[in-house]
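Colleague: Letter by letter, the chains look like this.
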Amino acid sequence: ETGVTQTPRHLVMGMTNKKSLKCEQHLGHNAMYWYKQSAKKPLELMFVYNFKEQTENNSVPSRFSPECPNSSHLFLHLHTLQPEDSALYLCASSQDSGAGDVYGYTFGSGTRLTVV
Amino acid sequence: AQSVTQLDSHVSVSEGTPVLLRCNYSSSYSPSLFWYVQHPNKGLQLLLKYTSAATLVKGINGFEAEFKKSETSFHLTKPSAHMSDAAEYFCVVSEGGYQKVTFGTGTKLQVIP
Numbered sequence: 001e002t003g004v005t006q007t008p009r010h011l012v013m014g015m016t017n018k019k020s021l022k023c024e025q026h027l028g029h030n031a032m033y034w035y036k037q038s039a040k041k042p043l044e045l046m047f048v049y050n051f052k053e054q055t056e057n058n059s060v061p062s063r064f065s066p067e068c069p070n071s072s073h074l075f076l077h078l079h080t081l082q083p084e085d086s087a088l089y090l091c092a093s094s095q096d097s098g099a100g101d102v103y104g105y106t107f108g109s110g111t112r113l114t115v116v
Numbered sequence: 001a002q003s004v005t006q007l008d009s010h011v012s013v014s015e016g017t018p019v020l021l022r023c024n025y026s027s028s029y030s031p032s033l034f035w036y037v038q039h040p041n042k043g044l045q046l047l048l049k050y051t052s053a054a055t056l057v058k059g060i061n062g063f064e065a066e067f068k069k070s071e072t073s074f075h076l077t078k079p080s081a082h083m084s085d086a087a088e089y090f091c092v093v094s095e096g097g098y099q100k101v102t103f104g105t106g107t108k109l110q111v112i113p
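Line by line, the protein sequences are chains Z and Y.
With the first letter of the first sequence counted as 1, position 25 gets the number 25 in this note's numbering; the numbers rise by one all the way through.
With the first letter of the second sequence counted as 1, position 3 gets the number 3 in this note's numbering; the numbers rise by one all the way through.
Please keep in mind that the hints were generated in silico from the structure rather than gathered at the bench.
Please read these numbers as outputs of a predicted model, since none were measured by experiment.
Glycine included, each C-beta is placed from N, C-alpha and C at the ideal position.
You can trust all of the hints, since none of them are fake.
Think about it this way: if two alpha-carbon atoms lie no more than 16 Å apart in a straight line, the pair counts; the simulated EDC-like pairs of lysine to aspartate or glutamate are:
{"id": "1", "chain 1": "Z", "residue 1": "K52", "chain 2": "Z", "residue 2": "E67"}
{"id": "2", "chain 1": "Y", "residue 1": "K100", "chain 2": "Z", "residue 2": "E56"}
{"id": "3", "chain 1": "Z", "residue 1": "K40", "chain 2": "Z", "residue 2": "E84"}
{"id": "4", "chain 1": "Z", "residue 1": "K41", "chain 2": "Y", "residue 2": "D8"}
A few chain Y residues that don't get close to chain Z, going by computed Cβ distances all over 10 Å:
{"id": "5", "residue": "A1"}
{"id": "6", "residue": "G16"}
{"id": "7", "residue": "T17"}
{"id": "8", "residue": "R22"}
{"id": "9", "residue": "N24"}
{"id": "10", "residue": "N61"}
Excised from the complex, chain Z in its bound form (with noise of 0.2 Å):
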């Protein structure tokens, strides 16, 4: 184990349910982030929050909706998601959201979301 752990690891659900993707880190680490991992495209980064305040949306649609409750939590709650979103949703930390770049991410196992 990384230190970053995601639950679930498999999700599969109906393009009209809702579900939340969860992160936990107990790096102390005060930032967190989602990417998004499709077949043959670089990783996406999708949201960043540092020290609990979200510092980035990089133009996700409003069906993925983030949460961080704390610097040790981070939730991605999904709703009325479309076949195209299934993918690998990687949740990563850093020291702080300055310290990535430098010092390199952790990240967790990822939750493999398939939409049917």
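We have chain Z already, so just place chain Y on it with the hints.
Modeller: Below, chain Y without anything else, positioned relative to chain Z:
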């Protein structure tokens, strides 16, 4: 704007032979460069990073990478491949700040027994 190109989408080597995964980058500044590895059904793990110190960077599991500014390259090497090295490898360039972090499309390394 920065960019990163991983020149091979798939690389296949025999166990015990050298590994070379190629990465070229483009940047207007002096970038930071990283290699991450992703094993099946796992997240990305940092292998090594270059942040303007020594140009030859040593990472975990026997991997190395050399920053060559004149060639705008940051190739990943390992003298002898092990079966456990089979994974996908990502080259990453950063000009500073999470907004300027760009991941490559990945190179899948296959190790043949």
